[in-house]
Amino acid sequence: MNPVTKNITFDVAKIREDFPILKRKVNGYPLAYLDNAATSQTPKPVMDVIIDYYSNYNANIHRGVHSLSQEATDKYEQARIKIQKHFNAQKAHEIIFTSGTTHGINLVANGFSAILKEGDEILVSALEHHSNIVPWQMLCEKTGAILRVIPMNEEGELIYPAFEELISENTKMVFLNHVSNALGTVNPIEKIIKKAHSVDAAVLIDGAQAAPHIKADVQELDVDFYVASAHKMCGPTGVGVLYGKEEWLEKLPPYQGGGEMIDTVTFEKTTYAGLPHKFEAGTPNICGGIAFGAAIDYLNQIGFENIASSENDLLNYATKKLMEIDGMKIYGVSKNKTAVISFNIEGLHPYDIGTLLDKMGIAVRTGHHCAQPIMDFYRIPGTVRASFSFYNTKGEVERFIEALKKAKSMLS
Amino acid sequence: MSNIKEIQEEVVDEFSMFDDWMQRYEYMIELGKSLPLIDDKYKIDENLIKGCQSKVWVHAELDDDKLVFTADSDAIITKGIVAILIRVFSNQHPSAIIEADTHFIDEIGLKEHLSPTRANGLVSMIKQLKMYAVAYQTQLN
Ligand SMILES: Cc1ncc(COP(=O)(O)O)c(C=O)c1O
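Protein chains in written order, with the numbering used here: chain A, 1 to 412; chain B, 1 to 141.
Please note: incorrect hints may appear among the correct ones.
Cβ-to-Cβ under 10 Å is the rule here; a few derived chain B residues that face chain A [stated by the list, open to error]: (1) 4; (2) 5; (3) 22; (4) 25; (5) 26; (6) 53; (7) 54; (8) 70; (9) 73; (10) 75.
The hints are simulated quantities; they were obtained by calculation from the structure and are not laboratory data.
Just so you know, even glycine gets a beta-carbon here, dropped at the ideal spot from N, CA and C.
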């Protein structure tokens, strides 16, 4: 993209006006929020939708004959269609509202307990968040299926040839993230999905970290399941999406029983509602779902090309500046990565660095990032992770670097 | 030998000399570096305090009727905090440790570290020191 068009369409100062929280001070310093991979900030247009919902049409959905209920139902279903369009799902009922990525994964893993048999194999990548490991381990305990791990290399990338060796006619399911939360690596999911389908294995992609930066096209990917969380996409917490191919969603049993998910109920037999309601038991996060739709509108309005190019600029600039610091070690150096930098400084504990950065108004994450297997691979207790969003600035990167140098000199 | 309250006052006095957070933290880092190390044989999982992003080991033993703590951490700021706690609580009678309040942590500007949701385990650390005291108290009786 040439810089001229970029300037016309992308003005970070103007965008920051949408995020009141970015004006905050923390410990006496202006906030530099660099923990976007954990949760993103919420822009005013999304907040407005939340206020509008509670001010004007808060009601339970799919049930009432009254006007408010109808309005809320319409808005909720419109949000589903926004999400469908965004991910280019073929049908709106292939979009299931969840409470987040974790819920979506558990829903699918639970469904597969009715499908897997003892000795079946499922493949996980070495780069996963605990959310995409533990539900499958539980599934294996229940069914006797075997969990195998696609290994990673020093650069923080999956070793594709090893995956080709692991996959076989016994493989029933492959699940991995689109983008690693701890390292930012973008995984070659297109190739992996194709290969998995060649042995009739289903694929679940954890898109929690990808969805804020990359617009995934589920039909083009031909993926079976794709999950994401609104709170990492400028939306509210407690709501997310599970995309599933219709044929798979029909095949899986319901996850939770309750209202909304039934067709008829007698004490002898209950028949389940059709998609998507079969997987949406109980009153959902109505306002959250509608706000999720607004967040997707907001991101699309900024434009995913603009998002990718501005975040990439921040990533390159920050990486270059960090590498000038003595003892710097960056984990995850794939050429194909999102704006996440996981690092340590030789001899210093990530917790100490994070504590001092916080004192200077810089918000980063420290620890194992819910990805202990990756930390074990590198034989470290954890890292400091800075993750950038399109609303961050070069000035914030500079403050982060200065604060880091200050912390280093205090700790050494 | 000063009692716990006196030592706490000393610590509060020392910290009151600092004008800003940076001096406070520099001091804590220094304290951390000067913490007498725990004997390596006590750096075992049983002595590890849970709930910390950094590792903290605490060992306790009786010297007459006084309880002596040694500790270590892999993070230096945590170690500084541990050093302060040990200065306050070590070499005291278990009953005094059990009764001691920890209000001084507020006064020296480390309140943020006292939040039970903060993953540094200061709260767990204090709890652990007091649990040792309870255990040794029964032994003394
Ligand atoms: C890759 C990945 N998967 C899953 C999750 C869990 O998401 P949630 O807590 O929103 O369910 C996260 C969030 O940190 C993540 O980064």
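### Message
For a quick check of understanding: which of the numbered hints are violated here, in increasing order?
### Response
Structure breaks hints 1, 2 and 8.
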